[in-house]
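K.L.:
Letter by letter, the chains look like this.
Protein chains: 2
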Amino acid sequence: MTHSMQVVALAGGVGGARLADGLAQALPPEHLTVIVNVGDDFEHLGLRICPDLDTVCYTLAGLANPETGWGRSDESWQVLNTLAELGGATWFRVGDRDLALHLERSERLRLGVPLSQVTYDLGKRMGIAVRVLPVTDESVPTIVRTENGELPFQEYFVRQRCEPKVTGFRFAGVEQARPAPGVVEALHRADLIVLCPSNPWVSLDPLLAVPGVQDAFGTRRVVGVSPIIGGQTVKGPAAKMFSELGIQPSAQAVAVHYRGLLGGFVLDRQDISQADAVQALDILPYVADTLMKTRQDRRRLALEILEFSKLL
Amino acid sequence: MTHSMQVVALAGGVGGARLADGLAQALPPEHLTVIVNVGDDFEHLGLRICPDLDTVCYTLAGLANPETGWGRSDESWQVLNTLAELGGATWFRVGDRDLALHLERSERLRLGVPLSQVTYDLGKRMGIAVRVLPVTDESVPTIVRTENGELPFQEYFVRQRCEPKVTGFRFAGVEQARPAPGVVEALHRADLIVLCPSNPWVSLDPLLAVPGVQDAFGTRRVVGVSPIIGGQTVKGPAAKMFSELGIQPSAQAVAVHYRGLLGGFVLDRQDISQADAVQALDILPYVADTLMKTRQDRRRLALEILEFSKLL
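Protein chains in written order, with this note's numbering: chain A, 51 to 362; chain B, 51 to 362.
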């Protein structure tokens, strides 16, 4: 039975959050751990903001804004509008209810509670049943190398709208970072590790770069899911990044990117012609409808992945 | 002409803010400086909150909530309600629009801008034409000595609702504090210094305790306005504090409290019988309707005070 598997999902933003939600629908809560990128975390107005962690938590709690890919549904903008009147920074759009989370998380971090514990406590308050873990409790900010020099991730992503041409990435301080408590344990317990359809460069690479994470994979079954469909990303700059780095963006390119790590790889029906190339990498391909438009899509894809993984 | 006078108003919370607004209505903007207590400032959720300064600024900007004596009118509570859902601290009630001010002020302070400059810049954004100055840019937290030990002011005032019996006060670090830029200059330029109807113990004493402030009074005309009417305060714990310190709360007791500093003293019509006792302190008494229910009341009282001061 699928339901007795222990699964770890590695996730970044929207796509990762949606598949994590699918897995959460498909598995008993104690059978799923979601490990989330924190490379895009940053300080804004004195608050610690964790965009990927928040997208995952809001999605799992059923609170995510389906339109934007960030923030909460049912949001209001009183604080931001008043900040604008006061001449404050409004380039990063924080809604009122979203802001409460940042305030409370920052307060608890200031009191010395580690991010993983804060995430657990606030997740419980939001009604999240599965375990969500930041990959590390330490700060490992992703720096985007561009033709205009190095940019902190949110500066590149939000303020400059991914416009500067990318030449590379670095994850500051990652060599010294340790996995958050529970990360290695969850990986050791896993029957299956899922690399969610998140940006390889800035969502999963920084997560995989934390020392000890890849080691903990051991010989476990690992399935990746392509964030690129028909040469494009559903959301975000992954395809643009591949292109700027001189790689044709494709599902196949994602499989190449993760080569050595993957036992299986899920690509979209649109990219069925690339299945052989994936197979040639010694990775078992699986073709599915990977676009998750509805909550039901998420669950169906998750169940297909769980079934597929048994072939590995 | 009244209008050519240079006036400095020393103010704490609601009563002080209202008279400051009356003076602002009665004088050209460049003729009024309002110097405000910061002894009740505190950190909350990582934000610097300045209750007296905010009450004065919101009142002068016409944004104050007339019901509460703190915060803004037209306020919403999305952040606070969400904080409550997340298990955060809600004992200090911060509205959404109010929060934007705290966020922006805290951000600017973190960047190294002094409180007096931040207050000026944000005050301009709020449409405040007169100069509002925190008495000092430094931290001088008021500590309330009570039968249950020492309490930080907001802990006493908001969280414990002024319930513990007061035995005294101290203003931590005040000996080392310096007046904010502009404070001494405004006092030196003043034709009249008005001690607004604020709490003597926790609004004006901490302000007057900043070294250099009282010295700068020199021989200038100083008029105090009683915050106590008929033995009671309109708002706040001043009367209760007088009682607990063994002093019958009255306008006269306020005049005694400020003896040596005042040339004139304004007491309410209800307390007309105390005028002789004030006179006996070598302070010129003036009887007026001091309760400011409307904006017109504030202006009328301000004009009366300006006229009265010419007798000193």
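Be aware that a few hints might be false.
[Unchecked claim] Below, in silico cross-link-like pairs of lysine to aspartate or glutamate (DMTMM-like), each with a Cα-Cα straight-line distance of 25 Å or less:
(1) B:LYS174 / A:GLU135
(2) B:LYS174 / B:GLU125
(3) A:LYS290 / A:GLU354
(4) B:LYS285 / B:GLU93
(5) A:LYS174 / B:GLU135
(6) A:LYS215 / A:GLU235
Read the hints as simulated data drawn from the structure, not as lab findings.
K.L.:
Now, for every hint given, state plainly whether the structure supports it.
P.N.:
Now the hints, each set against the structure:
In summary, the hint linking LYS174 of chain B to GLU135 of chain A is supported, as the alpha carbons are separated by about 11 Å, within the 25 Å threshold. Of the pairs offered as hints, the one joining LYS174 of chain B and GLU125 of chain B holds, with about 20 Å between alpha carbons and a cut-off of 25 Å not exceeded. Of the supplied pair hints, the one linking LYS290 of chain A and GLU354 of chain A is violated, its CA atoms being roughly 29 Å apart against a limit of 25 Å. In summary, the hint linking LYS285 of chain B to GLU93 of chain B is supported, as the alpha carbons are separated by about 24 Å, within the 25 Å threshold.
Restraint check for LYS174 of chain A and GLU135 of chain B: satisfied, since their Cα atoms lie roughly 11 Å apart, inside the 25 Å limit. The hinted pair formed by LYS215 of chain A and GLU235 of chain A fails the criterion: a straight-line CA distance of about 38 Å is larger than 25 Å.
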